[in-house]
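Undergrad: Sequence:
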Amino acid sequence: MTVLKYLQGYPAATQDKVRELIAQERLGEHLARRYPARHDVQSDKALYAYTTALKQQHLRNAPAIDKVLYDSKLDVVQRALGLHTAISRVQGGKLKAKKEIRVAALFKAAAPEFLQMIVVHELAHLKEHDHNKAFYQLCQYMLPEYHQREFDLRMYLTWRDLANQRAS
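Going by UniProt numbering, the sequence shown opens with residue 1, and the numbers climb by one from there.
Do not take every clue at face value.
As the list claims (entries may be wrong) - Cross-link-like lysine-lysine pairs, in silico, DSS-like; alpha carbons within 27 Å at most:
no.	residue 1	residue 2
1	45	5
2	45	127
3	94	127
Hints are computed from structural coordinates only; laboratory data are not their basis. From a predicted model like this one, the values you see are computed outputs, not experimental measurements.
Just need the whole structure built from these sequences, with the hints factored in.
TA: Put into structure tokens, the structure is as follows:
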């Protein structure tokens, strides 16, 4: 039985459907049909503009974002797809918090829907720090199909792992 590390929190019946797609070698085809395009947000500058536009659209009163970038170390080192940080620095006599969002570099080659889901997730952390009910409600407010995109992203990560295993 294939261990689905990204889908462990989902019901057994849902996992079985994914296993069936894997057994039939149709998971990649299924994802390509649903998400055929690749986004063109390739630079850190473009990612910053993309993120601030989403923030402006949905979270005008949230703290400003100081830095947004692709991070090639996120996927391997921290097993994270995105990361939000608040770095405190002393400037003069004041303590200032710099808000940063880092997105795993593997999303440079992903579907625009997956990039949007990751950015929405990290933006939600500006208001809600924990993964609680209010956090997911905020994600769904910004992206009504958030839960489906998260599930599909987890299938994409599963497919990517399987492809890497076959290549090595």
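Undergrad: Would you mind marking each hint as holding or not holding in the structure?
TA: Hints, one by one, checked against the model:
1. A hinted pair counts as satisfied when its Cα atoms are at most 27 Å apart, and residue 45 with residue 5 does not qualify at roughly 33 Å.
2. With a CA separation close to 23 Å, the supplied pair residue 45 and residue 127 stays within the 27 Å bound.
3. For a cut-off of 27 Å, the pair hint linking residue 94 to residue 127 stands: about 23 Å separates their Cα positions.
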